[in-house]
Structures are given as C-alpha cells and as structure tokens.
Amino acid sequence: MYKTGDKARYLSDGNIEFLGRADNQVKIRGFRIELSEIESVLRQHPNIRENTVLIWEEQSGNKGLVAYFVTNNESEVSSNELRDFLQQKLPDYMIPSILIQLKALPLTSNGKIDRQALPAPENINPELAAKFVAPRNSVEKTIAKIWSGVLKIEKVGIYDNFFELGGDSIISIQIIARLNQAGLQLTPKQLFDSPTVAGLAAVVGNVSKLEVEQAPVAGLVPLTPIQHWFFEQNFSEPHHSNQSLLLEVSSEIDLALLEQSVQYLQQHHDALRLRFIPQESGWQQINGRPEEVAKVSILYKDLSILPVEPQETALETTATELQASLNLAEGLLMRFALFDLGEQGKRLLLVIHHLAVDGVSWRILIEDLEQVYQQLSQKQAIQLPLKTTSFKDWSEFLQDYAQSSQLQQELDYWLKGSFQDISRLPVDYPDGTNIEKYTDTVSVSLTVEETKALLQDVPATYHTQIMIYC
Numbered sequence: 033m034y035k036t037g038d039k040a041r042y043l044s045d046g047n048i049e050f051l052g053r054a055d056n057q058v059k060i061r062g063f064r065i066e067l068s069e070i071e072s073v074l075r076q077h078p079n080i081r082e083n084t085v086l087i088w089e090e091q092s093g094n095k096g097l098v099a100y101f102v103t104n105n106e107s108e109v110s111s112n113e114l115r116d117f118l119q120q121k122l123p124d125y126m127i128p129s130i131l132i133q134l135k136a137l138p139l140t141s142n143g144k145i146d147r148q149a150l151p152a153p154e155n156i157n158p159e160l161a162a163k164f165v166a167p168r169n170s171v172e173k174t175i176a177k178i179w180s181g182v183l184k185i186e187k188v189g190i191y192d193n194f195f196e197l198g199g200d201s202i203i204s205i206q207i208i209a210r211l212n213q214a215g216l217q218l219t220p221k222q223l224f225d226s227p228t229v230a231g232l233a234a235v236v237g238n239v240s241k242l243e244v245e246q247a248p249v250a251g252l253v254p255l256t257p258i259q260h261w262f263f264e265q266n267f268s269e270p271h272h273s274n275q276s277l278l279l280e281v282s283s284e285i286d287l288a289l290l291e292q293s294v295q296y297l298q299q300h301h302d303a304l305r306l307r308f309i310p311q312e313s314g315w316q317q318i319n320g321r322p323e324e325v326a327k328v329s330i331l332y333k334d335l336s337i338l339p340v341e342p343q344e345t346a347l348e349t350t351a352t353e354l355q356a357s358l359n360l361a362e363g364l365l366m367r368f369a370l371f372d373l374g375e376q377g378k379r380l381l382l383v384i385h386h387l388a389v390d391g392v393s394w395r396i397l398i399e400d401l402e403q404v405y406q407q408l409s410q411k412q413a414i415q416l417p418l419k420t421t422s423f424k425d426w427s428e429f430l431q432d433y434a435q436s437s438q439l440q441q442e443l444d445y446w447l448k449g450s451f452q453d454i455s456r457l458p459v460d461y462p463d464g465t466n467i468e469k470y471t472d473t474v475s476v477s478l479t480v481e482e483t484k485a486l487l488q489d490v491p492a493t494y495h496t497q498i499m500i501y502c
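First residue of the sequence shown: 33, per our numbering; consecutive thereafter.
A portion of the hints provided could be inaccurate.
Here are the computed lysine to aspartate or glutamate pairs in the EDC-like style, where the Cα-Cα straight-line distance is at most 16 angstroms [what the hints assert, rightly or not]:
(1) 144 with 245
(2) 59 with 116
(3) 184 with 402
(4) 135 with 82
(5) 333 with 286
(6) 484 with 280
(7) 419 with 444
(8) 135 with 146
(9) 327 with 372
(10) 333 with 402
(11) 333 with 372
(12) 121 with 89
(13) 333 with 353
(14) 135 with 116
(15) 59 with 69
(16) 121 with 45
(17) 221 with 116
(18) 333 with 400
(19) 378 with 334
(20) 184 with 334
(21) 419 with 432
(22) 411 with 334
Just so you know, these hints were derived from the structure itself, not from any lab. These numbers were taken from a predicted model, which means no experiment stands behind them.
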C-alpha cells in the first residue's frame, strides 16, 4: 500500500486485508522463501528478543540470507548455536549463512525496522567482502574440484558457502561420496557444520584405500536374491523388462564421439556386459569380457523433415522396437538411439535392461557418460572415479551370507517368535477388511504443459530430480 512496503487488497465488503510485506518473499537458488517464516522461528529461541532477515548479495553476485538479531539482556548467543537451532526447524536453503548480533535494530520514524540502516555484513566481518580465494593446497584443490563438478560451477573459492552455491542435503551425499572416493574422509554433518572448502579441509581425515581390482570383471556371477525372484516369475517376455531415459541433448553433439563414449562405459561398467543363459538348473549369469561382447552402437534417426506429431510417433515406434530387441542370452542389455528433430533439437534415447541398471545406477551412468564425452571432445585422457566393490563380489557376498550362521540365527529368531501379542497398527476405518487385495491405483493424465512443468520447471525451481521410467 502506498510506499509503506506493505501488501494488501480490498475485499468486496470494503475492508482491507493485510497480506504482509511486499518485499518479504524472496527467491534464492530457485527456492521461494518467506523471510517472515525464518524470523518467526528465530523468535522461538529463548534468548532472541527481536530479529529481521534480509537478502545479502556478495561482490561475486551470489545471494544469501543474513539475519540480524537482538538478545535478551544483551546476552551473547553464538552463530553456531543459532544455526543448530534453525537446522532443527527449517530446511537447509532457509538457514541464514550470516548471523549478526546487534544491541538494537534501527527503527524508522513510524516505528518499523529501518532495513536501509542495518550494517552491511562486510562491514561487520571484512572477510565476507574478500574476492575469490583460490585453493592453497592439494586437499583444498580436491574439495573445490569436486564441488565444481557436482554443482556445475566453474570456480569455487575456499570461502564460498556450499549452500549459497546451490548445495542441499541431497547433493551433500554426492559430494561426500566423491570425497571419500578421492581418499578424503568426511561426513554430511561435517559439511553442514563447515560448509566451506577451507572449513572442510581443516577437519578432513584420510580414507583407507579400497583394494578393488580395476580390470574388467569376467566369469560366472551368482544370481542375487532379487534376480532369483525375477526369473521365478516366468515372465512371458523377460527380455522386455527395461528402463529407459529420453534426454534432450545439444544440437551440436558429435555422434561418433557419443558412440565412443558409450562403448567406453560398456567396458568400464561390468554390469553392462552381463549375459543370462537358461540352463536345466536355472538361469546362469555371466560377465562377458569386453572383447567377447559386441560393441554397442547408436542408432541415428533423422526426423527433421517431419512435422511434430509424426516425429513423436516415429520416436515412440523406434523406442518400442529397441525395447523389444534386448536379448538376455546374447548380452544385448542396452540400446541407444539419437533422434534429429530439426527445430526441436536432438534427443538421446537410452534403453537398458532392469537386470543391469536401477534408479541409483542411472545417475552414475549419466554422469560418467557426460564426463567421458567432455574428455574425448577436449582430447583429454579418459579418467573416471575408481571402481568400488564389483557386482560379482557383492553377489558372492550375498551367497555366502545366505549360508552363514549369522543369518541362521536371524531366521531362528523370526520363525520361532510369537507374534500373537503384537498390536495392530491403528487405521482410519477399523471396520474395513484392510487387506492387500483391496488396495487401489489412481491413474491421472497430464497435459503437455503440465508434463513440461513437472519434468522441467519443478526440477529447475526446487533442485529436484524427477526420473521417468518407460
């Protein structure tokens, strides 16, 4: 209203409904944040009398949250204490990166907080105004390089805040996994407590190197329990059980380099060379040697002269054909196709049998494919993270565990236990039968616009990953 910065609207009865401050909702790293919600949580701290939260822009252009607060009786409250308090009640992206204690908040003549009169964070802590500071040693260089790769940021300084750069709790797991692979022992909690390269380097430990064979794995591989289950179902078309991804790729993508990248992944990831042969005793799983397995190729389809609707039909037809062409016995567990859609750009279709890939391994494959392609296009040596425990070793471990005395003790406990005294979980409708056969499935259809919003707009805004499996 007027120039007060308040947001309101006239109601049909002539009253004015106050909606809050017009400048109190902000957007940082794709997240819409109500500053008043952060202020409300801060007021719940027993030693905080009043506070205000603002957007702060660094010289580098990165935006973050800064909280100014006044305590009861001018008592001291540390930033770490407040940050721990907020982390129990707010998501990562709503935690102010800077917390400044003042004796009093400046007020305007009408008694409201004078945000323009608040001291700039860099005037309180000159380090915050510092320019980019490059890593100073090998540990900081390793941490910064991993942050840069995962967060898709060209340069990471040692005082840059992980959360201000776009990090969150999910990404932190990827960061920690890669740091551990690089020989640096850190935990997600340490990343939350010390969200800068310099801070992590000060608390890092060393990970003992895994003695894992890096050469291609070959030979017989025991079926895992879930694979046993799969073949026990006697599916009419076991070859067709696959997962697929359709990716939008650059129109300038090099087909030859892309095919070379895929073939490298086929050699590097042993599970992509699996074969399943039916025997009288059951299905047998074999890891083929790279030289024994036919190199995967990429089918190229130029659909650029077709209108949009026939393009979609042709793409779906090709996808169906590729999904049906997988062959467990011959080791043809994956198919790739590149579609040229003209003005609509290019699409890369990846089809892989579910026996060789799952939701987690898709992320690894896509990241590795992107990395190998970039290295080849820049004429660099191909370098991927070292292999960890192979699928063959894991299968053998599960087989040994199934025959172990440890598992037998677990079985004895569950088989001999009496479950008559266990209370049923409370339900909304106790008179209902409440058994599995009465479960229901709700199917909905989305428009083209809604689908685009789900798959593109939502991930971009909320930093999520939505995977669609066909």
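Structure-based check of each hint:
Taking the CA atoms of residue 144 and residue 245, the gap is near 66 angstroms; set against the 16 angstroms cutoff, the hint is violated. With a C-alpha separation of about 23 angstroms, the suggested pair residue 59 and residue 116 falls outside the 16 angstroms cut-off, and the hint is violated. A distance of roughly 12 angstroms separates the Cα atoms of residue 184 and residue 402; the hinted pair therefore holds under the 16 angstroms criterion. The suggested pairing of residue 135 with residue 82 holds, with an alpha-carbon distance near 10 angstroms, which does not exceed 16 angstroms.
The hinted pair formed by residue 333 and residue 286 meets the criterion: a straight-line CA distance of about 14 angstroms does not exceed 16 angstroms. Between the alpha carbons of residue 484 and residue 280 the distance comes to roughly 13 angstroms, so the proposed pair stays at or under 16 angstroms and holds. Distance check on the hinted pair: residue 419 and residue 444 sit about 37 angstroms apart at the alpha-carbon level, beyond 16 angstroms; violated. About 15 angstroms separates the Cα atoms of residue 135 and residue 146, which keeps this hinted pair within 16 angstroms; it holds.
Restraint check for residue 327 and residue 372: not satisfied, since their Cα atoms lie roughly 23 angstroms apart, outside the 16 angstroms limit. Straight-line distance between C-alpha atoms of residue 333 and residue 402 comes to about 21 angstroms, which puts the hinted pair past the 16 angstroms bound. The hinted pair formed by residue 333 and residue 372 meets the criterion: a straight-line CA distance of about 6 angstroms does not exceed 16 angstroms. The hinted pair formed by residue 121 and residue 89 fails the criterion: a straight-line CA distance of about 25 angstroms is larger than 16 angstroms.
For the given pair, residue 333 sits about 13 angstroms from residue 353 by alpha-carbon distance, which is consistent with the 16 angstroms threshold. Restraint check for residue 135 and residue 116: not satisfied, since their Cα atoms lie roughly 22 angstroms apart, outside the 16 angstroms limit. Taking the CA atoms of residue 59 and residue 69, the gap is about 14 angstroms. The hint holds against a cut of 16 angstroms. Using a Cα cut-off of 16 angstroms, the hinted pair residue 121 and residue 45 is violated, with the two alpha carbons roughly 38 angstroms apart.
Restraint check: the Cα-Cα separation between residue 221 and residue 116 comes to about 11 angstroms, which is no more than 16 angstroms; the hinted pair holds. Taking the CA atoms of residue 333 and residue 400, the gap is about 24 angstroms. The hint is violated against a cut of 16 angstroms. Restraint check: the Cα-Cα separation between residue 378 and residue 334 comes to about 9 angstroms, which is no more than 16 angstroms; the hinted pair holds. For the hint linking residue 184 to residue 334, the alpha-carbon distance of about 31 angstroms lies beyond 16 angstroms, and the restraint is violated.
At roughly 22 angstroms between alpha-carbon atoms, residue 419 and residue 432 are farther apart than 16 angstroms, so this suggested pair is violated. Only pairs whose Cα atoms come within 16 angstroms are accepted, and residue 411 paired with residue 334 is rejected, the gap being roughly 27 angstroms.
Consistency note: the structure conflicts with the earlier hints numbered 1, 2, 7, 9, 10, 12, 14, 16, 18, 20, 21 and 22.
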